[in-house]
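One letter stands for each residue in the lines below.
Protein chains: 2
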Amino acid sequence: MTDEIYRASTTAPVNIAVIKYWGKRDPKLNLPTNSSLSVTLSQSDLRTHTTASCSPSYPSFDSLLLNGSEQDVSGARTQACFRELRSLRRNLEGQDASLPKLSTLPLKIVSENNFPTAAGLASSAAGFAALVRAIANLYELPSSPTDLSRIARQGSGSACRSLFGGYVGWEQGKEVDGSDSVAFQVAPESHWPEMRAIILVVSAAKKGVSSTTGMQTTVATSSLFAARASDTVPKRMKQMQEAIQIKDFETFGKITMMDSNSFHATCLDTYPPIFYLNDVSRAAIKMVEAINAAAGRIIAAYTFDAGPNAVIYYLQENEAQVAGLFKAFMGEKDGWKGTRGDAIQASEEAFGKMKGEVGVAVDLLKEGVSRVILTGVGEGPVETKESLIDEKGQPISTSS
Amino acid sequence: MTDEIYRASTTAPVNIAVIKYWGKRDPKLNLPTNSSLSVTLSQSDLRTHTTASCSPSYPSFDSLLLNGSEQDVSGARTQACFRELRSLRRNLEGQDASLPKLSTLPLKIVSENNFPTAAGLASSAAGFAALVRAIANLYELPSSPTDLSRIARQGSGSACRSLFGGYVGWEQGKEVDGSDSVAFQVAPESHWPEMRAIILVVSAAKKGVSSTTGMQTTVATSSLFAARASDTVPKRMKQMQEAIQIKDFETFGKITMMDSNSFHATCLDTYPPIFYLNDVSRAAIKMVEAINAAAGRIIAAYTFDAGPNAVIYYLQENEAQVAGLFKAFMGEKDGWKGTRGDAIQASEEAFGKMKGEVGVAVDLLKEGVSRVILTGVGEGPVETKESLIDEKGQPISTSS
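In order, the protein sequences belong to chains X and P.
Going by our numbering, the first sequence opens with residue 346, and the numbers climb by one from there.
Going by our numbering, the second sequence opens with residue 346, and the numbers climb by one from there.
In case anyone wonders, no lab produced these hints; they're calculated from the structure.
Bear in mind that the values here come from a model prediction, so they are computed numbers and not experimental data.
Treat the hints with care, since some could be wrong.
Stated by the list, open to error - Derived, one-sided and incomplete: chain X residues facing chain P with beta-carbon distance under 10 Å:
1. 567
2. 577
3. 580
4. 599
5. 605
6. 610
7. 613
8. 614
9. 615
10. 616
11. 617
12. 622
13. 623
14. 627
Unchecked claim - The calculated label-pair distances, taken between Cβ atoms and stated as ranges, are:
15. X:638 - P:439: 54 to 60 Å
16. P:642 - X:414: 40 to 46 Å
17. X:705 - P:555: 15 to 21 Å
18. P:596 - X:705: 37 to 43 Å
19. P:596 - X:525: 40 to 46 Å
20. P:579 - X:525: 35 to 41 Å
21. X:705 - P:565: 23 to 29 Å
We put the beta carbon where it would ideally sit given N, CA and C, even for glycine.
Chain X extracted, bound-state conformation (with noise of 0.2 Å):
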């Protein structure tokens, strides 16, 4: 073996669920309570960019550069990744012994987002989806997205369905070692491409409870969690994937907002309770509903993560009844500006019903929302050549 730099790079994309990932019933694996069904989105407004290098010449311990910032990769779950990916690495190389030993090298992982982490926007999902995509393209895996995606999990439960483009769900599966909780493509992102996502970047005084942490807390003191888990989320998901597969949005609205309010739901009742909606949250709630009141039928939907974000999906020939309406009632937002912003021209009819009743609800709009981000459905990982890492193993930055 000589000093040769191994690499690969990958871009991974965030997903939003529209049946909600809440609770684990294995911590350590991440196994969860229910299965959840999300949209990836467009890796052109958010991704990450991953690179994953080995070499003989590195130093003698695996680390992780991301947006610059030298990260603990110590961690169980990140340690989880590199030692499913490592042995499946072994066992090729066990096969066929002219291939590197690239398993018993040093890692070294330079990864870049590019939307703003001070967003708060999960960036979990995509990071652990390129880190474990990046690693197996370096490694030469076979292995499928599914079976990625069973590692990704372990690395952050909702990361499993960025393996994937377009409509995703994961299985919650039933065996003790997690083999069979994975991600399974619900449709491709061709199969239904009009899907736009509006997402309103709330600005909150202060973090809330973590996730890991608050849906521990609600699987053990929430006496309505149960319902949510045993009943509700298997209901939705069947009536969910077939929404999906008839291109229904009625119907993908209508519990795309059911199952997140019920998630919220369960957090209230935790105890202590969380709240990670917030009166601008609530605005948004306010203005979807306007909005389909406004059309007389559903063709927007909200749905909140854990935090005040809005994510708002519609499809493309509601355009002007829908992000045309919040950047016409909002104004100037960082995010109106550019191609698709510029386009996007609001439908006066719909604004004419609306304005006498959502004054409050835009005032909190305008004063909460920090920055719009455009997006919609697309594609999962794709492997690039644009590397993070250059031939003599250093990182290089793209950041602006």
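We have chain X already, so just place chain P on it with the hints.
Then chain P, alone, in the frame of chain X:
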């Protein structure tokens, strides 16, 4: 029968539930989907004063004057109360021919609250309890408070609990006609007279969904509601009654907080979602959590009805660490004045422990709380000679 004016007067209290009533199994009879439990609050702070009167000289229709304005009495709920009470009077008249036939005479009722209706405090409980108790007094009915609770329930569900003082349960009952859905006294106020309450009246931008509409939408759409009604509340009813019997404030407080959160969780799980708590309500929760953390145990317990106002229960012995801290942190508010408010001093030790971490919450409370009401557990309806109708049948205004 002469043209005599028959009159009787009572006062009746407000009650604030610690296990919430939300959901009707029979909307017409106000039969609930779960039992509930409340603390009756002192009438020196919050009460309805009602005089019921009848006379052959009155115009031939029933009337109700509340705080100086004529009310519609044609609604099914008020009519049900009138009908049931007249029926009981008619039975008496049938048994004793010497009794004047009051059941045939028009009713004139005058009612006044000693608290601002604009405060958004649920006044319908005190209102219907006073109405039913005053007419029962007028008719000289031998009915027990339990019998009257069955009638008041038909006016407003939670009114049935205002027929008793102290700690009061409302048994959901099983009968179709509602005959076993009545209030009962868990313990009189003298059993645990140290229970105090501070009410933070929050200025809401707009009145939320009415509880009558809201609770039926919850029953129809929340997937988590059934578990609350069938499992959560029955367990808590038992625990709460035991806690009251043995005067265990920590259990009383914990269940109070959990049940308020459970109720609001089912509101959030309603479609479309119902929000009664706002950022000011959450600031009150944060303060209570900080107060309990500083004390190292539960000495304060928040609860919220169908609105943003916080009611915080505590024991007299902890006044400096509960009401005192709210006073010290919030500063000048309408309601701190007067003998009771002036006497309240903050615990300096607790103030010091908390001040570093409640800044944001304190700002929200200062801005969003319009007044405080200091009160405590109190007695049930009290007959009074002070009449709101003079000997000529004319209303007397006592309003300031």
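Out of the numbered hints, which ones does the structure contradict? The structure breaks none of the hints.
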